[in-house]
Structures are given as structure tokens and as C-alpha cells.
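Novice: Below are the chains, spelled out letter by letter.
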Amino acid sequence: MKCKFVHTNMINFIEGEITGIEKEEFENHLKECVGCTELFKQVSKAYSAIDREKEIEPNPFFFTRLEQRIAGLEEQSKPHTLMPVFTRALRTLAATLVIAVGILAGVILGSRFTNESVAGDQDVISDQEFYAGSTYLDELQSEPIEYYLLKEE
Amino acid sequence: MESSELIEKIKNNDQEAFRQFVDRYYPLVLRTCVGFVHSLADAEDLAQEVFVEVYKSVGRFRKESKISTWIYRIAVNKSLNFIRDNKKFSFFSSIETLLRKEESGALESNEDVSSLEKDESEKVLHKAIDSLPKNQRIAFTLNKYDDLSYKEVAEIMDVSIASVESLIHRAKKNLQKKLVGYFRNY
Numbered sequence: 001m002k003c004k005f006v007h008t009n010m011i012n013f014i015e016g017e018i019t020g021i022e023k024e025e026f027e028n029h030l031k032e033c034v035g036c037t038e039l040f041k042q043v044s045k046a047y048s049a050i051d052r053e054k055e056i057e058p059n060p061f062f063f064t065r066l067e068q069r070i071a072g073l074e075e076q077s078k079p080h081t082l083m084p085v086f087t088r089a090l091r092t093l094a095a096t097l098v099i100a101v102g103i104l105a106g107v108i109l110g111s112r113f114t115n116e117s118v119a120g121d122q123d124v125i126s127d128q129e130f131y132a133g134s135t136y137l138d139e140l141q142s143e144p145i146e147y148y149l150l151k152e153e
Numbered sequence: 154m155e156s157s158e159l160i161e162k163i164k165n166n167d168q169e170a171f172r173q174f175v176d177r178y179y180p181l182v183l184r185t186c187v188g189f190v191h192s193l194a195d196a197e198d199l200a201q202e203v204f205v206e207v208y209k210s211v212g213r214f215r216k217e218s219k220i221s222t223w224i225y226r227i228a229v230n231k232s233l234n235f236i237r238d239n240k241k242f243s244f245f246s247s248i249e250t251l252l253r254k255e256e257s258g259a260l261e262s263n264e265d266v267s268s269l270e271k272d273e274s275e276k277v278l279h280k281a282i283d284s285l286p287k288n289q290r291i292a293f294t295l296n297k298y299d300d301l302s303y304k305e306v307a308e309i310m311d312v313s314i315a316s317v318e319s320l321i322h323r324a325k326k327n328l329q330k331k332l333v334g335y336f337r338n339y
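Keeping their order, the protein sequence lines are chains A and B. Everything in the first sequence is counted per the working numbering, starting at 1 for the first residue and increasing by one. Everything in the second sequence is counted per the working numbering, starting at 154 for the first residue and increasing by one.
So here's chain A without its partners, still in its complex pose (with noise of 0.2 Å):
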């Protein structure tokens, strides 16, 4: 028997499907050669892995799961009622008249601020003075490093 048929019908004799003389055959070939002994210990290996694969464990809390995943899907094609409608117009009423109430309140407390500010002028700032004041906090300005150096010569 050459190595060619022991190639092809590796699976056919793991299943048993090889019977009679060829099943013979097929045995004695492989205590003779050992490259086809190792390539068949591979290959039965490889597909035994079927039998180790059916082999499995079913998850006892399969069904508390599945229900409530289906409780969820449930829940989510329920139909809407006229009722998280209301509560959704409700909502977005109420979020516009804070913001009116805001804009509002806005352009009183602005028109009181500008009649006070033009009755009390001479409280008032001018821009001149508050810049002059802010220059003496700039140090760099008021003492450059320039003056130093010169003062240490």
C-alpha cells in the first residue's frame, strides 16, 4: 500500500468507514512507515477535537438571562402613551420660560445699572486714570532691568 491512500482516507478510517482488507492495509502501512504514523497521530488528533468540542457545559443560569433580556426587549416595543408625551412637551416648556425668565431679568437688572451709572458720574472711572494706575503694577515697566544694570556700574 503506498503512502497515498493512507493520506486520503486518514478521515475514513478515524470514522471507521475503512473496513475489511483495506482497514488491514491501511494498519500495516503505519507500523511501517513512520512518516504516515506521525502525519495520522496529527490529523486524528486535530479531528478528535470535534469529539472534545461537543463536550460542553450548559450554562444553568441560561434561562434567567434570556428572560430578562427578554423583558428588556419587551419593554422597549411597547407602544408610547399619551403620557411621556406630555411629560416631554412639559419639559421643554418649562426649560423655555426659565430661559425668558432669565433674558428677562437680564434687561431689568442692565437698564437699572446704566441710569445709575449716568446718575453718579463722578464716580466713574476714566479710562486714563484706571491705565495709569495699572502701570505701576507692571514692575517691568516701572523698573527696567536696563536700570539696574547701569546702577551696579
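Note that these hints are calculated values from the structure, not bench results. One or more of the hints may lead you astray.
Claimed, not checked - Only pairs whose alpha carbons sit at most 25 Å apart, straight line, appear in this in silico PhoX-like list of lysine-lysine:
1. K219/B to K287/B
2. K287/B to K2/A
3. K209/B to K45/A
4. K164/B to K31/A
5. K54/A to K209/B
6. K240/B to K54/A
7. K304/B to K240/B
Take the given structure of chain A and dock chain B to it, following the hints.
Specialist: The following block gives chain B in isolation, referenced to the frame of chain A:
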């Protein structure tokens, strides 16, 4: 209780009947899904999808086929859709696996080496099964993973028994070619 009785009760929103139905068919569905996706976690998720579909479409079930045939069809379709949708992510997941292997470093004990060899031979088989043409893959998986007869496979696939014989014969030939080809160069 007969499965057909359970179906009638599920149609009337009987939760206990649905529980019994799931208990009866869950192992079958799980095995089918594992046969297609080769991952228990993914198969669990798929089994959920299958029973959600059963729950949704039980009202449309008209007893034209056997209940098991109907469930097998749903399981096969869900599995094939899952494989199709996940094909695009396989490239990235293979990179991730490679990186994880590098991070874990060299294996020391013999036990680790043998488990790696087992994983390798499983991977080779999975790759060989995954590369089969669609119908060969369905016929082979239903026959080998679920131990279904050619007649049952023919009913599920809606083809003749002769076609199933031919599909499984060709699937085995292809698998053998791939496995022998791989291990000869190993």
C-alpha cells in the same frame, strides 16, 4: 409534555412552557452554535438570539416542519449571520491574539506546551472547517457536531439526502486535504 403542546402554550404567553421548551432545546442549540463559531461565549450569545427569535416568531410557526428542524434552521442562520458580521473584525482579533501571546512570554512547563499543541491542532481543524464552502460546512457541522442523520440534515437544509451525502463526502475530502497538507509541512 409534547413539544407541540409547549408551542401552543407559548403562543398563549405561558412562561413555564417557554422555560420547559428552552430547557429541552438549549443543549441542542448550543452544540450547533459551537460547531459553527467554535467559542462557548459566542455560542451562548447566539443561543439567546435563537430563543428570542423563537419567542418572537412562535405565532408564525405553522407545523409544516418539525419543531427541531425549525429551531435548527434558526440556529444555523443566526450562526452564519454572526460569522459574516464578524469576518471583518477577524483581522484585528488575530493581531490582538498575537500581541497577547508575545506578552505572555515563553512557556515553561510541559503541560503548557501540550495545551498549546492541543490548541494548535484545534485551531487547524477550525480553520479547515471555516474554509469549507457554506453548504458543505452546514451539512458537516450538523452531521458531526449534532450527530444528525443525513435525512435530518436534508430536512433542515431542504435538499435531498443524496445531496447531503455528497456535501458531507466532499467536506471530509476537503478537510483531509487541508489537515494533511498542514501537518506534512508542520
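Novice: All hints, please: hold or fail.
Specialist: These are the hints, each one checked on the structure:
With a C-alpha separation of about 23 Å, the suggested pairing of K219/B with K287/B holds against the 25 Å cut-off. At most 25 Å may separate the alpha-carbon atoms for a hinted pair to count; K287/B and K2/A exceed this at roughly 33 Å. Only pairs whose Cα atoms come within 25 Å are accepted, and K209/B paired with K45/A is rejected, the gap being roughly 42 Å. Pair hint K164/B plus K31/A does not hold up; C-alpha atoms about 61 Å apart against a cutoff of 25 Å.
A hinted pair counts as satisfied when its Cα atoms are at most 25 Å apart, and K54/A with K209/B does not qualify at roughly 28 Å. Between K240/B and K54/A the CA atoms are separated by roughly 24 Å; this keeps the pair inside 25 Å, and the hint holds. As the CA atoms of K304/B and K240/B are separated by approximately 31 Å, the hinted pair breaks the 25 Å bound.
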